[in-house]
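Asker: Residue numbers (the numbering used here), protein chains in the order written: chain Z, 1 to 144; chain U, 1 to 453.
FYI, nobody ran anything at the bench for these hints, they're computed from the structure.
Cβ coordinates follow ideal geometry from the N, Cα and C atoms, glycine included.
One should not assume that every hint holds.
[Said to hold, decoys possible] Which stretches of chain Z does chain U cover? Using the computed rule of at least three CB atoms under 8 Å from a CB of chain U, they are:
1) 21-27
2) 107-118
[To be verified] In silico negatives: residues of chain Z with every beta carbon more than 10 Å from chain U:
3) LEU30
4) ASP55
5) CYS59
6) TYR80
7) ARG83
8) GLY84
9) PRO85
10) LYS89
11) THR90
12) VAL91
13) LYS123
14) ASN131
15) PRO135
[As the list claims (entries may be wrong)] Partial list, computed: chain U residues near chain Z (C-beta under 8 Å):
16) GLY36
17) THR50
18) GLU117
19) ASP173
20) HIS175
21) GLU218
22) ILE233
23) VAL442
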Amino acid sequence: MLSKSQAKLFFLGGTVFFLIIFLALTVDTLVNGVPKHTHSDQITDQVKLGRRLWDANNCMGCHTIMGEGAYYAPDLTKVYERRGPKYIKTVLNFPGGWQLHGRRMVQYNFTEQEKDGIVAFFKWVGNVDLNGFPPKPSLQSEQK
Amino acid sequence: MKFKSQKVAYYFFALSMILLLLQLTYGFIMAFAHMGFDGLHSIIPFNAATATHKNLLVVWLISGFMGAAYFIIPDESDNELYSVPLALIQFWSFAIVGVIAVAGFHMGWFEGRKFLEIPRPLDYLVAINVILFLANIVMTIYKGKRHTTTAMVLTAGLIFVAVLYLPGMVWFDNHTVDSFFRWWVVHLWVEGVWELVMGGILAYLLIKLTGVDREVIEKWLYVIVGLTFLSGILGTGHHYYYTGVPKYWLIIGGIFSSLEPLAFLGMTLFAVTMYKKGNKKHPNKLAIYWTLNSAIVSFLGAGLLGLAHTLPGVNLYTHGTLVTAMHGHLAFWGAYASIVLAVMSYAMPLLTGRKIYDNSIGHLAFWLANVGILGMTAAFAAAGVAQVYLQRIAGMDFMVVQNELHPHFFVLILAATVLSVGVILYVVNFYKFGLPNDEAIVKEEEFKALQTN
Ligand code: HEM
Ligand code: HEM
Ligand SMILES: [Fe+2]
């Protein structure tokens, strides 16, 4: 039967082995994968401003982006494509908070420049290659 | 208890209880908002409530882990805690940082990164606090008369928890990279190093409660935490699928995260086998119930319900829906909430000298809480499957679908009420123990006569 020292060896050996593979993959992902998949050369100062605002206001506390966040409000990965810049900017500062289907959003007081930043961030996110997410609704495409 | 200094554990346990009650309150706020009752919106918008719910969860669990360490490490090392004043300073600073963080969320001060919403300046305070804690624990072991595997696994787990907090404290301009390292914290915590903490506490409780030989228990502990890292490290890939990284993560994440349930299955078999092997004479039935509960429900919530949506082909459709929330609730409940409630149930009689082992309030608390959380899991599951079908497969608008889900949230609120009554009863029992006192100190190992080894 397995002895305690063998069990310890299994733990230490396995951990170190898989950790090394993980770190190697991380380097490959960050160096070769991410710049291409995310078009990192397109991360302008405007995009950065948008991301800072996204972060500082915890938009992810209601919405998801790339499918990550909370489940109270729609996923915004493709919002630029879906709604366009004008619509997005209207929603942000809408008096009393934007409310289309019952749920209310927070009313913000962004400057024009900040609103442009947020739009630029959405435009950038929308272009990231997400390996097929969000999926195309299969029933809808059959009907068409 | 054997040592006077173990009493500091009580502070952390009490803080845990208060924060747990608060966490549930914010859960109700969110569940009502999902049903369309967002009357608190102007004071506590959803994003403040969700940050509070998730962070209170993390903080009460970590407070429980710290209390567990302050109780277990002196016992395992056969020595007083290195410094009680240091532990008290650490406790109060921990509580104060927590209060500032929660108050901040309500004033719109956060970092919008799920589970890591605590703003950067407070992160540094958290880091200092954790260093104080770890220093105290490590010095206790260093000065101790005995070095056990259980203490080592628990401490190693706590050290890794601290180290892994750091990648979450770096700013990246690229959102994909930010997300990549956020998962180093969130995933490698709950599906990695927290399992070491859980395994360490579980092993300690099994040694104490079943009387099975320490060597046998600790051998299997190594196997389980070995399985954890073997699968869990590369399993991180299941969060990378759709975040702007190369496709190979779909294969690697899919394969290795599918192996993750093995570690949880290991916990279940481990605990159930040791319990059967043991002499079943330990009087603290409530501690035994919660211990077994943790080992079993973690497999259901983390193992099975995790497996249900971890393959890339399924996850493409369920990613970021209420299916995820279903899994999140039962996984956290089974693995971490239950183990903290187990160690408290074990430690409180020894800290206070009051023998609340087997009372009806305690049993009622156990059953109501578990039935409640299972009901919530079912409600989230029904809502989640409906959402995936209507939104991701039939292509209906997000908000139109959400308005169809109100009945499921009604059921969720009913089940959450059952859970909350259970938790309140647990807290009533906790309160009835009173404060820890020195009269509870005994020289001999507790219940030594009952042990078979
Ligand atoms: C009164 C009981 C509770 C209620 C009503 C409740 C309700 C909720 C709701 C509505 C959400 C938000 C989902 C969203 O993003 O829209 C949520 C999130 C969450 N809750 Fe609870 N909850 C309760 C108790 C708990 C407990 C006991 C735990 C842990 C053991 C827990 C862990 C979580 C986690 C981890 C999340 C984030 C899930 C995710 O985003 O995938 N909750 N809860
Ligand atoms: C005790 C251990 C575990 C806990 C506490 C836990 C908790 C959670 C939470 C809170 C989330 C939501 C994260 C977020 O979106 O920010 C999540 C996501 C996920 N978990 Fe777990 N989990 C555990 C174990 C597992 C295991 C063992 C598996 C696989 C077999 C698994 C598979 C997944 C998957 C695939 C997701 C992503 C869902 C999505 O795409 O939205 N989890 N988990
Ligand atoms: Fe994970």
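Asker: Would you say LYS89 (chain Z) is clear of chain U, with no C-beta pair closer than or equal to 10 Å?
Answerer: holds (19 Å)
Asker: Hint VAL442 (chain U) vs chain Z: min CB-CB distance below 8 Å?
Answerer: Because about 30 Å separates VAL442 (chain U) from the closest Cβ in chain Z, which is outside the 8 Å limit, the hint is violated.
Asker: Does LYS123 (chain Z) sit more than 10 Å from chain U, CB to CB?
Answerer: Holds, since 13 Å exceeds 10 Å.
Asker: Answer holds if the nearest beta-carbon of chain Z is closer than 8 Å to that of HIS175 (chain U); otherwise answer violated.
Answerer: holds (6 Å)
Asker: Decide, holds or violated, for the assertion that all CB atoms of chain U are farther than 10 Å from the CB of PRO85 (chain Z).
Answerer: holds (19 Å)
Asker: Counting residues of the region 21-27 of chain Z that have a beta-carbon nearer than 8 Å to any beta-carbon of chain U, does the count reach 3?
Answerer: n = 4 at 8 Å, threshold three: holds.
Asker: Does the no-contact call for ARG83 (chain Z) survive, Cβ to all of chain U over 10 Å?
Answerer: The assertion about ARG83 (chain Z) holds, with a minimum of 12 Å to chain U.
Asker: Since ASP55 (chain Z) was said not to touch the interface, does its Cβ keep a gap of more than 10 Å from each Cβ of chain U?
Answerer: violated (5 Å)
Asker: Does the claim that CYS59 (chain Z) lies outside the interface with chain U hold up, using a Cβ gap greater than 10 Å?
Answerer: violated (6 Å)
Asker: Minimum C-beta separation from VAL91 (chain Z) to chain U exceeding 10 Å: can you confirm that?
Answerer: holds (13 Å)
Asker: Holds or violated: the region 107-118 of chain Z covered by chain U, criterion of 3 or more residues with Cβ-Cβ distance under 8 Å?
Answerer: violated (count 0)
Asker: Just checking, THR90 (chain Z) versus chain U, shortest CB gap more than 10 Å?
Answerer: Consistent with the label, THR90 (chain Z) stays out of reach of chain U, its closest Cβ about 17 Å off (over 10 Å).
In the structure shown, a violation is registered for the earlier hints numbered 2, 3, 4, 5, 14, 15 and 23, in ascending order.
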